[in-house]
Amino acid sequence: MAEIVAGVASSHVPAIGVAMDQGKTHEAYWEPLFRGFERSRQWMAALQPDVAIVVYNDHATAFSLEVIPTFALGCAAEFFPADEGWGRRPVPSVTGHPELAWHLAQSLILDEFDITIVNRMEVDHGLTVPLSLLFGKTPRWPCPVIPLCVNVVQYPPPTGHRCFMLGRAIRKAVERFAADLRVVIFGTGGMSHQLQGQRAGLINREFDTRFLDMLVDDPRAAAAIPHVEYLREAGSEGIELVMWLVMRGALAEQVREVHRHYHVPASNTAVGHLILENRANSP
Amino acid sequence: MTTRQDIRLAFLGFGEAAGAFVQGWGELRPTQVRAYDIKVDHESAPVRQRKWQDYERLQVSGCATLIQALAGSNVVFSVVTADQALVAAHRAASSIEPGTLFLDCNSCAPDTKRKAAELIEGAGGRYVDVAIMAPVYPALHRVPMLISGPHTGVAAEALAALDMRAEIAPGPVGAASSIKMVRSIAVKGLEALVAECVLAGRRAGVDGPVLDSLEASFPGFRWKERAGYMLERVMVHGVRRAAEMREVALTVEQLGLCPSMSRAAAQWQQSIGELAVPVAQADYRARADAVLRALSAAPEPRTAGARDDYHDIPGTYVFDAEQSRRGYPLNMFCMSLNRESNRAAFRADESAYLAQYALSDEQKAAVLGRDWNEMLRVGGNIYYTAKLAATDGLTFQDLAAKMTGLSREDYRKMMLEGGRPIAGNRSKLEWERG
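Chains X and H are the protein sequences, given in the same order.
Just so we're aligned: 109 in numbering that gives the first Met the number 0 is position 110 of the first sequence, and the numbers increase by one with no gaps anywhere.
Just so we're aligned: 69 in numbering that gives the first Met the number 0 is position 70 of the second sequence, and the numbers increase by one with no gaps anywhere.
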């Protein structure tokens, strides 16, 4: 039986990818940010997951306004990094896990989550930046990856509660997969940030701290946060945090916080990061 | 168009108002009365059937398409819901016959009416801003109306020929609807206020003494009787009234004021209207109790909240349905810049490249002038406009600096110092107060 062994939350700021690609991680601006991920990489190297499910959002890359799926699951064998306007990131292409991905799609649909199945898509910084942060600079990603895109660009995104319930359904589906796979799930995006308009640059450390606490110990309270509160308190792009709830929903009711890191700023954004493991015997 | 016989009439939207007009005219109606209502395209078969039955019952020529309704018509009443008014004008503009009087009777913000007028006039129609100033029952077609805009002369003649009671509100398109909108703050706001008061009163078991004491303070208002009537209005027409109140809120906002009351009224109107509780008994208590029962049975308040609960966040453009529809060509142009060959072609001749996309003039101007906030206002989404920034060699941070009016260095410094604080940046009101 497959199982979800841990969850990772991480921001996916494009500038982080640029800093890594251009070898700037030791510059004074970036050093404190990357220091917080050193332990995470050691942890990940020790965990050696068989598959990573990465919950992220596409930023006008694979999907435009022509088609806007609320939840889209990448079932392909390979996903290429995209040119998002600044040229392609020099990172390896992403190997998929079609067997598990198709199994997830089927289980989720029968569990009443109407997933869009995607057989061809390029992936953007939303997916590759968290991989870089957790796996470092590498000629090959160490495990296959299943991309799960959540629409958070076109308002309204799915509610936090819906995302949390999707996470629970993912856990159930993974546990029904015959092969013995150890799966890690990433929830990406956030934390507080606003990229647009005259209010750009908004950061709300209090909100972020409360959200991190709630996500660990009281995820149902976090799942009840209404959209308008994200927009107002965490900035218009802070609403990406609903994707962290998919990750949290896929973990046990009670989790252990292995690691936390919070840093302002990366470009326009407050960077948040958590590593969570299921507590033994927690349902 | 001085006599009834000259008038070839079409209704866009065939709900309460259209039905009341036709009923009021009775035998004295024009020979041609056509109707098109979007409910004939509704996904639910019973809803479609009921609309066709409405046509039949009132003996109007129901049309399956808007084009059929408009063909050969010279007077058009647009009586849809407030949120559909601009859509109706847009659709009508593509098939309206030149010279047709387009009587826009919808309860919309003056700005919305002006936009609709541009569409209709651009297509050769004659647009009239009409505001219906009282409930259509029991006055029917003789309900008082205000009309404004450049065609009030001919509109007044046509309406007089139809035995309707129109008064001219001097001024351009928007003058009549301003009066209506500002009046609605009180009319629909009072309904919501009374609904909240009565529902709370019933829950607390104090509605009797409360309404008696209100009667003592405002004698002659007949609070209990009115409470019943107002509840009925909200229960039956709440959703439509909420759409109107959102237009009212827009009007208030455009006047530089914070429309807190109108927004709250829209929320009550919407949530009670959505319950679709049948109105059986006349007594206010029975009506209130029916609403309360339905409210407790209703699912959790939707976390998405009311549709316009984010409009008071300052300096922020939420990419909602309206923005997405408006911004489609602009964003799809930006999307094309994901390819280097397209970026090169755009750089070589920006105007020629833009001509491939159906951008509005204001969208084009915003792109060519690199007015980044304006792009968002006219429907751009930041992840799309960022591709234009990328084409110009800007980073996300450079772009953010430009939108906030700070220099690159000052913006970077602000971020290094912890970013823009949330305190003082939660609402437009906070910004206005400085």
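No lab work stands behind these hints, which were simulated from the structure alone.
The beta carbon of each residue, even a glycine, is placed where N, CA and C say it ideally should be.
Fair warning: there could be bad hints in the mix.
[To be verified] Covered stretches of chain X (chain H as the covering partner; in silico rule of three or more C-beta atoms under 8 Å from a C-beta of chain H): (1) 153-162; (2) 173-185; (3) 261-271.
Next item on the list: Could you tell me which of the numbered hints above are not met by this structure, giving the numbers in increasing order?
Entry: The structure conflicts with hint 2 only, although it agrees with all the remaining ones.
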